[in-house]
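Visitor: Take a look at the letters that make up each chain.
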Amino acid sequence: MKVLALILAGGTGTRLGVLTETLAKPSVYFGGKYRIIDFALSNCAHSQLEGIAILPQYRPVELISHVAMGRPWDFVRRTSYFAVLPPHKEWYQGTADAVFQNIEYIDYLKPDTVLILSADHVYLMDYRPLLRYMDLKNARAVLAATTVSWEEACRYGTVITDEHERVLEFQEKPAEPKSNLVNMGIYAFHWPYLRELLLEDSIKEESTHDFGGDIWPRIVSSGEPAYAYRFDGYWLDVGTIKSFWEGHMDLVAPFPRLNLYDPRWKIYTNPADLPSPIFLGPGSARSALVSEGSMVKGNILRSVVGLQTFIDDDAEVVESVIGPRSYVGKGAKLYRVITGESVYIEDGVVIGEGEEIPNEVAPQIYTDGITVIGRNVNIVKGSHLGKQVAVQEGAVVNGVYGSGAFIYRQ
Amino acid sequence: MEAFGFIFAHDWVHSLDPLTLVRPAASLPVLGKYRAIDFSLSSFVRAGIVRIGVSLDTEAVSLLDHLRIASQWDLDKKEGGLFILPGKYLGTLDALFKNTTFLRRANEELAIIAWGDCVYNIDFHELIKYHIDKAADVTFIGDPEEPYIFVINKFLLLEILFAYKDLRDFWRDAVASIRNDLRIEQFTTTIPMYKLSDGLETFYRLHMDALDLDVYRALTQNMILTKLRDFPPAKFSTTCRITDSIVSDGCIIGGHVIHSVVGRNSVIRAGAYVENSILMQDVVVEEGARLVNVIADRYTVFRANREVISSELTVIPREHVI
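Chains as they are written, first to last, in this note's numbering: chain A, 80 to 489; chain B, 193 to 514.
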């Protein structure tokens, strides 16, 4: 086999707060009908890769059922390999350990090149130019890098390169970044070379067994000529509530930077087979995405509505992301709200009004005035929730909660 | 009792021309994302009937393309599955008689025979139960002269086919001639049903009826399966206005859409106006164009500021640019 793609899908996504309480980050719904992992999987399909393996860890059940043996991405072919490889010996210690623990499987397929991908990113990318670039540079290791704003750079691994794009220095989440070129978590390795690195890393006691934290610094310090491949398309690390929300606001913009409507690069997902959305009465949808199976009677503005969701009479949904199979009751008002799936918001509920007060439990997670509601929450008639409120999965909310409240499940 | 299915989709009537110039009625696009045949196919599959033969005209490219990937209906099976039975059939009796191999090989005892141009969403379990409870030879739904669906014992079906193989129509000729010897029962139901080959009026009425939530739910609940095109959710821009309409996935809407059905992957640009109309898939309505009472077939384009307004229905043929 020429190329085997390994998609790391073990992320707990703790910075997505109540959205990932019982759901792995790659399984979180994005863009109404998709899940985050659909982007990496669709990129693999369009890049015509013949070997794909997903390495889940945290909460794998929904993820495994969603990827459905790779069928929606057309991976079920006689000439291709698709596998889901959850930990079978012990818990994966880090991204590199996840690959290390599956050496047997990789050896069995004998790939020339192993492509390491993350299931947590929203982007459209053809991996073939990256693989050609690796050949061209005659390199054993290549990483994909993109530029972000200087303020954001400290969230990532930053990369310093010379004029030939050779990686000179690698800093993981630096407090004072020297570069705004960041590691996208996409690596191509010559398999025998990576195998050697993994074996060496596995016996190091001080190692966290992580690609960004251990393997790459080791490559750079060993003097190995490794190169950065620059990607300048849209790339979103859905790491935080803020980036999750911004990603959706990007989609409803007049000319979105992420083009879901490109017929040559469709995003495939496990289909839900639902009828087209229906709009009834005087309601409206403006700057909005509305998914299949939904019914809209109320008003939607700058928002994304998931599958099979019902927005009832006179409801007002503004700058919000409504998860699938949800209900927004008559006259309910939602401002900057993100909900998980199957959320039931009764008539007259108001969410997201008030002052911006830091969240009482996790002020670093619930920011930018966004209120986040976990899956299967029921918000009872007449309830009132402020800004930056978080509601735990399965909670029944009844009453008035000011901004910054954290509402626990009973 | 177990059943297999047979769908007549070979009949190429021209009662909806120009829509039926390029496709048989069973392949007519309906409700934005489906084809007429999806409704009978899905009703079969949901009732666990997974051996289904479809008779179709050898030139029905549109239908062949639609049915190409049987897995979309969960019919890519080792035992049973979807059997495409192309031919130049003279009538329904001919379509069954020429496929006696398919009928014989079916292990199931009952045959449910449906017309592919009928749009309905039915629970076939109820029909089978009724057929057995009444100890009927034949149970049908719809017009006694021209039913939408009927159930018959497989061996009785084969006997009739061989005995009357020179006749043309299975129901009107063969069954009619032995009507008094058979126990024929009618199954009545209140679910909405539309036989599209009846004409444009029925096709239009189906779509306008579906803009009522109860009818839409009755027609689409419990999953109607179709060929998927993997489009993103419909997008609505700042300038749009949508009232009492169905808008499918992949659409980008900037104009006004009133009491209309818009098919997948269509674009209605800012300032355009669409009322009481049916747009099939891949239609473009440019800035300022105005459409009232229009049925636009696939790939039609309405150039900026063009008007197609009439109190009568206007049908725009496939790929036409107005």
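One thing to keep in mind: the hints can contain errors.
Computed Cβ-Cβ distance ranges for the label pairs, DEER-style [said to hold, decoys possible]:
1) 361(A) - 462(B): 38 to 44 Å
2) 426(A) - 406(B): 17 to 23 Å
3) 410(A) - 451(B): 22 to 28 Å
4) 426(A) - 422(B): 44 to 50 Å
5) 144(A) - 257(B): 44 to 50 Å
6) 360(A) - 207(B): 32 to 38 Å
7) 296(B) - 150(A): 41 to 47 Å
Example chain B residues on the side facing chain A (calculated, C-beta under 10 Å, incomplete) [unchecked claim]:
8) 223
9) 226
10) 291
11) 292
12) 295
13) 299
14) 400
15) 401
16) 408
17) 409
18) 418
19) 432
20) 434
21) 442
22) 491
23) 493
None of these hints come from the bench; they were simulated from the model.
Backbone N, C-alpha and C fix where the C-beta goes; we use that ideal spot for every residue, glycine too.
Visitor: Take the hints in turn and mark each one as holding or not.
Guide: Hints versus structure:
no. : hint                        : in the structure
1   : 361(A) - 462(B): 38 to 44 Å : violated, 20 Å
2   : 426(A) - 406(B): 17 to 23 Å : holds, 21 Å
3   : 410(A) - 451(B): 22 to 28 Å : holds, 25 Å
4   : 426(A) - 422(B): 44 to 50 Å : violated, 36 Å
5   : 144(A) - 257(B): 44 to 50 Å : violated, 30 Å
6   : 360(A) - 207(B): 32 to 38 Å : holds, 34 Å
7   : 296(B) - 150(A): 41 to 47 Å : violated, 33 Å
8   : 223                         : holds, 7 Å
9   : 226                         : holds, 8 Å
10  : 291                         : violated, 29 Å
11  : 292                         : violated, 34 Å
12  : 295                         : violated, 30 Å
13  : 299                         : violated, 27 Å
14  : 400                         : violated, 13 Å
15  : 401                         : violated, 13 Å
16  : 408                         : holds, 6 Å
17  : 409                         : holds, 9 Å
18  : 418                         : holds, 8 Å
19  : 432                         : holds, 6 Å
20  : 434                         : holds, 4 Å
21  : 442                         : holds, 7 Å
22  : 491                         : violated, 13 Å
23  : 493                         : violated, 17 Å
The structure fails hints 1, 4, 5, 7, 10, 11, 12, 13, 14, 15, 22 and 23 (numbered hints given earlier, in ascending order).
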